[in-house]
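Top line first, the protein sequences correspond to chains A and B. Position 38 of the first sequence, counting from 1, maps to 37 under numbering that gives the first Met the number 0, and the rest follow consecutively. Position 92 of the second sequence, counting from 1, maps to 91 under numbering that gives the first Met the number 0, and the rest follow consecutively.
One or more of the hints may lead you astray.
Identical chains blur together in the list; that is why a pair holds if it fits in one copy or across any two.
Said to hold, decoys possible - With a cut-off of at most 20 Å between alpha-carbon atoms, the simulated SDA-like pairs for lysine to any residue come out as follows:
id: 1; residue 1: K25; residue 2: N113
id: 2; residue 1: K148; residue 2: G136
id: 3; residue 1: K25; residue 2: W89
id: 4; residue 1: K25; residue 2: K48
id: 5; residue 1: K38; residue 2: M75
id: 6; residue 1: K48; residue 2: M75
id: 7; residue 1: K143; residue 2: D58
id: 8; residue 1: K57; residue 2: G86
id: 9; residue 1: K95; residue 2: E52
id: 10; residue 1: K48; residue 2: V94
id: 11; residue 1: K107; residue 2: P96
id: 12; residue 1: K151; residue 2: T125
id: 13; residue 1: K25; residue 2: G45
id: 14; residue 1: K25; residue 2: A41
id: 15; residue 1: K87; residue 2: Y37
id: 16; residue 1: K137; residue 2: R121
id: 17; residue 1: K48; residue 2: Q23
id: 18; residue 1: K38; residue 2: E27
id: 19; residue 1: K151; residue 2: A130
id: 20; residue 1: K57; residue 2: M75
id: 21; residue 1: K38; residue 2: Q23
id: 22; residue 1: K48; residue 2: D28
id: 23; residue 1: K48; residue 2: E91
No lab work stands behind these hints: they were computed from the structure.
2 protein chains.
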Amino acid sequence: MKKTTKTLLAGFALSVVAGTTLAQMKVEDAITFRQSGYKFMAWNMGKIKANVEGQYNKDQVAAAANVVAAIANSGMGALYIPGSDKGKGWHETNVKPELFTDKEGVGKVARAFNDAANEMARVAATGDAAAVKAQFGKLGETCKACHDKYRKEEH
Amino acid sequence: MKKTTKTLLAGFALSVVAGTTLAQMKVEDAITFRQSGYKFMAWNMGKIKANVEGQYNKDQVAAAANVVAAIANSGMGALYIPGSDKGKGWHETNVKPELFTDKEGVGKVARAFNDAANEMARVAATGDAAAVKAQFGKLGETCKACHDKYRKEEH
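Bound conformation, chain A alone (with noise of 0.2 Å):
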């Protein structure tokens, strides 16, 4: 199997996992349930670009860290139901329909953004404030990537 598509079968794999329960969900749901996701993340990661440019603090890194990984590791693909390219959850979605057509794409993207995540929360563990620097940078760019991609300009 190749890897773009076994990324997107894990990205992807709640929506069959847990079908029932899927079906059920409205798109607003799905919509807020992502937002906050996303939102979530947001304060995570400005926590961790606060210590690396500022003081830092082990323990707040690691924290923080754990929460994006723990995100990224969340199966979100599953919150992508169909319907969901348009719509308003805690605010009108901002998602572009090529995140619903364009497969390989977004498998590639996901997986990368995943990989960075998890490996942020390695380096954050150990402490060390240069490497984390370097990864957030890193994890940074995943994040960009997709936005670029699949991400409408705000609202």
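Assemble the complex: chain A is given as a structure, and chain B must be docked to it using the hints.
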């Protein structure tokens, strides 16, 4: 140091650690971040519930439990900044003013929740569905304990 005091300090440690950053945080952002954290936990608690009541998928439960634990360990106490007893994030906050004054009580429910969330992640990693079901019940009780004391009915 008494246990309640220790937990309180742990839960609210970020407000000291990241003082500068947090001083710059707007009330509406703090409320938005915490509402996002709780909402994303709710999605993951829902997945665990669906698994213990239906077809059990070890990996999905472990991933969901890791999210709940990581968010529990993220230091959300830092998001209860002065002035955020009222205000609007994604929606008007449901927090009761008592959360800002009853430090001992808050420390107690926070410690119980953190302990239960970490135990949930530990049990979920074993794949023991019966143990997960039991621990899920205990974890839910700790959510409810805080909601009962410190959260208004949903608007």
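We went through each hint and held it up to the structure:
1. With identical chains, the CA atoms of K25 and N113 are never at most 20 Å apart, being 26 Å at best within one copy and 30 Å at best between copies.
2. Proximity of K148 to G136 under the C-alpha cut-off of 20 Å is restricted to the intra-copy arrangement: shortest distance 19 Å within a copy versus 41 Å between copies.
3. For the identical chains of this complex, K25 and W89 are neighbours both inside a copy (13 Å) and across copies (18 Å), given an alpha-carbon limit of 20 Å.
4. Taking the shortest Cα distances, K25 and K48 sit within 20 Å of each other only across copies (18 Å), while inside one copy they are farther apart (35 Å).
5. In this assembly of identical chains, K38 and M75 lie within 20 Å of each other by CA distance both inside one copy and across copies; the values are 13 Å within and 14 Å between.
6. Taking CA atoms no more than 20 Å apart as the test, K48 paired with M75 passes between copies only; the shortest distance there is 17 Å, against 24 Å inside one copy.
7. Taking CA atoms no more than 20 Å apart as the test, K143 paired with D58 passes in neither setting, with 26 Å inside one copy and 28 Å between copies.
8. In this assembly of identical chains, the alpha carbons of K57 and G86 never lie at most 20 Å apart, being 40 Å within a copy and 32 Å across copies at closest.
9. For a Cα distance limit of 20 Å, the shortest separation of K95 from E52 qualifies neither inside one copy, at 33 Å, nor across copies, at 35 Å.
10. In this assembly of identical chains, K48 and V94 lie within 20 Å of each other by CA distance neither inside one copy nor across copies; the values are 25 Å within and 28 Å between.
11. Only within a single protomer do K107 and P96 lie at most 20 Å apart by alpha-carbon distance; the minimum there is 17 Å, versus 46 Å between protomers.
12. In the homo-oligomer, the alpha carbons of K151 and T125 never lie at most 20 Å apart, since the shortest distance is 36 Å inside one protomer and 41 Å across protomers.
13. Proximity of K25 and G45 under a CA criterion of 20 Å is satisfied inter-copy only: 14 Å between copies versus 30 Å inside one chain copy.
14. Only between protomers do K25 and A41 lie at most 20 Å apart by alpha-carbon distance; the minimum there is 15 Å, versus 25 Å within a single protomer.
15. Taking the shortest Cα distances, K87 and Y37 sit within 20 Å of each other both inside one copy (15 Å) and across copies (19 Å).
16. For a Cα distance limit of 20 Å, the shortest separation of K137 from R121 inside one copy, 14 Å, qualifies, whereas the shortest one across copies, 30 Å, does not.
17. Taking the shortest Cα distances, K48 and Q23 sit within 20 Å of each other only across copies (14 Å), while inside one copy they are farther apart (38 Å).
18. In this assembly of identical chains, the alpha carbons of K38 and E27 lie at most 20 Å apart whether taken from the same copy (16 Å) or from different copies (13 Å).
19. Within a single copy, K151 and A130 get their C-alpha atoms no closer than 32 Å, and across copies no closer than 43 Å, so neither meets the 20 Å cut-off.
20. When the C-alpha separation of K57 and M75 is checked against a cutoff of 20 Å, the pair qualifies only between copies, where the shortest distance is 17 Å, while the shortest distance within a copy is 28 Å.
21. Taking CA atoms no more than 20 Å apart as the test, K38 paired with Q23 passes between copies only; the shortest distance there is 18 Å, against 24 Å inside one copy.
22. When the C-alpha separation of K48 and D28 is checked against a cutoff of 20 Å, the pair qualifies only between copies, where the shortest distance is 17 Å, while the shortest distance within a copy is 30 Å.
23. Taking the shortest alpha-carbon separations for K48 and E91, neither the intra-copy value of 28 Å nor the inter-copy value of 28 Å comes in at or below 20 Å.
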